[in-house]
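Undergrad: Next come the chains, spelled out residue by residue.
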Amino acid sequence: NAGVMQNPRHLVRRRGQEARLRCSPMKGHSHVYWYRQLPEEGLKFMVYLQKENIIDESGMPKERFSAEFPKEGPSILRIQQVVRGDSAAYFCASSPGAVSSTDTQYFGPGTRLTVL
Amino acid sequence: RKEVEQDPGPFNVPEGATVAFNCTYSNSASQSFFWYRQDCRKEPKLLMSVYSSGNEDGRFTAQLNRASQYISLLIRDSKLSDSATYLCVVTRGNMLTFGGGTRLMVKP
Numbered sequence: 001n002a003g004v005m006q007n008p009r010h011l012v013r014r015r016g017q018e019a020r021l022r023c024s025p026m027k028g029h030s031h032v033y034w035y036r037q038l039p040e041e042g043l044k045f046m047v048y049l050q051k052e053n054i055i056d057e058s059g060m061p062k063e064r065f066s067a068e069f070p071k072e073g074p075s076i077l078r079i080q081q082v083v084r085g086d087s088a089a090y091f092c093a094s095s096p097g098a099v100s101s102t103d104t105q106y107f108g109p110g111t112r113l114t115v116l
Numbered sequence: 117r118k119e120v121e122q123d124p125g126p127f128n129v130p131e132g133a134t135v136a137f138n139c140t141y142s143n144s145a146s147q148s149f150f151w152y153r154q155d156c157r158k159e160p161k162l163l164m165s166v167y168s169s170g171n172e173d174g175r176f177t178a179q180l181n182r183a184s185q186y187i188s189l190l191i192r193d194s195k196l197s198d199s200a201t202y203l204c205v206v207t208r209g210n211m212l213t214f215g216g217g218t219r220l221m222v223k224p
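Residue numbers (the numbering used here), protein chains in the order written: chain A, 1 to 116; chain B, 117 to 224.
Read the hints as simulated data drawn from the structure, not as lab findings. Careful, some of the hints might be misleading.
Taking lysine-lysine pairs in the DSBU-like style, the calculated list, with each CA pair at most 35 Å apart, reads [what the hints assert, rightly or not]: (1) A:71 to B:195; (2) B:158 to A:44; (3) B:161 to A:71; (4) B:195 to A:51; (5) A:27 to B:158; (6) B:223 to A:51; (7) B:223 to A:62; (8) B:223 to A:27; (9) A:71 to A:51.
Stretch-level coverage of chain A by chain B, calculated; a stretch enters the list once three of its residues show a Cβ under 8 Å from a Cβ in chain B [said to hold, decoys possible]: (10) 41 to 54; (11) 107 to 114.
All of these numbers come straight from a predicted model, not from anything done at the bench. Virtual Cβ for every residue (Gly too), placed ideally from N, Cα, C.
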């Protein structure tokens, strides 16, 4: 059973370009979460999605960032007009259902975005 | 004040030592509690859930005190491979909130 998959693992963009990060959840998982980890900082929640629905986007910057989880295919985190401050590791996690004491989120290997 | 607070460390300990990490959380509505481990430049991996009754997994013991909003992790007989950052995590609904992590370095 493959784990959470993310690609690309490393992404380099110049300021002003667009970045697209993809995440395929674990088999049987219908809940997807995106987190950002800035250098030398902790993980910060960005957005929580289920198929075709954004459930909670309270951690998403108001501009330039968007996320989707279509009926078919991976979840996509899209960053438009990237700036240097967007350089970070972006982790995707998935869970089969509601998080509980016995069922939590499992993380993908992350995408490291570098903005030149 | 951060919602989940941890001493960032680093904790430098010799092999075989016992080391304890503490974590406090501010939201009394938090529902589930976990310790994750993160190796340098890798993804967080679940270490163990934390229960009020306390739970043990091999050399690792976790404890939760809901009244004090305090979580602990004890590692006995430290191994070199235990060197990592340990993340205290609390949940409310489906949202995980991470502490900043405590860095552990086990030396020979």
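Undergrad: Could you run down the list of hints and mark each one as holding or not?
TA: Hint check:
Restraint check for residue 71 of chain A and residue 195 of chain B: not satisfied, since their Cα atoms lie roughly 45 Å apart, outside the 35 Å limit. A hinted pair counts as satisfied when its Cα atoms are at most 35 Å apart, and residue 158 of chain B with residue 44 of chain A qualifies at roughly 15 Å. This hinted pair checks out: residue 161 of chain B and residue 71 of chain A have alpha carbons roughly 27 Å apart, not beyond 35 Å. Between residue 195 of chain B and residue 51 of chain A the CA atoms are separated by roughly 42 Å; this puts the pair beyond 35 Å, and the hint is violated.
For the suggested pair residue 27 of chain A and residue 158 of chain B, the alpha carbons sit about 21 Å apart, so the restraint of at most 35 Å is met. As the CA atoms of residue 223 of chain B and residue 51 of chain A are separated by approximately 46 Å, the hinted pair breaks the 35 Å bound. Annotation: proposed proximity of residue 223 of chain B to residue 62 of chain A is violated, straight-line Cα distance about 44 Å (limit 35 Å). Using a Cα cut-off of 35 Å, the hinted pair residue 223 of chain B and residue 27 of chain A is violated, with the two alpha carbons roughly 39 Å apart.
In summary, the hint linking residue 71 of chain A to residue 51 of chain A is supported, as the alpha carbons are separated by about 6 Å, within the 35 Å threshold. Counting residues of the stretch 41 to 54 of chain A whose C-beta lies closer than 8 Å to any C-beta of chain B gives 6; at least three are required, and the coverage claim holds. Counting residues of the stretch 107 to 114 of chain A whose C-beta sits closer than 8 Å to any C-beta of chain B gives 5, which meets the bar of three, so the coverage hint holds.
Of the numbered hints listed earlier, those contradicted by the structure are 1, 4, 6, 7 and 8.
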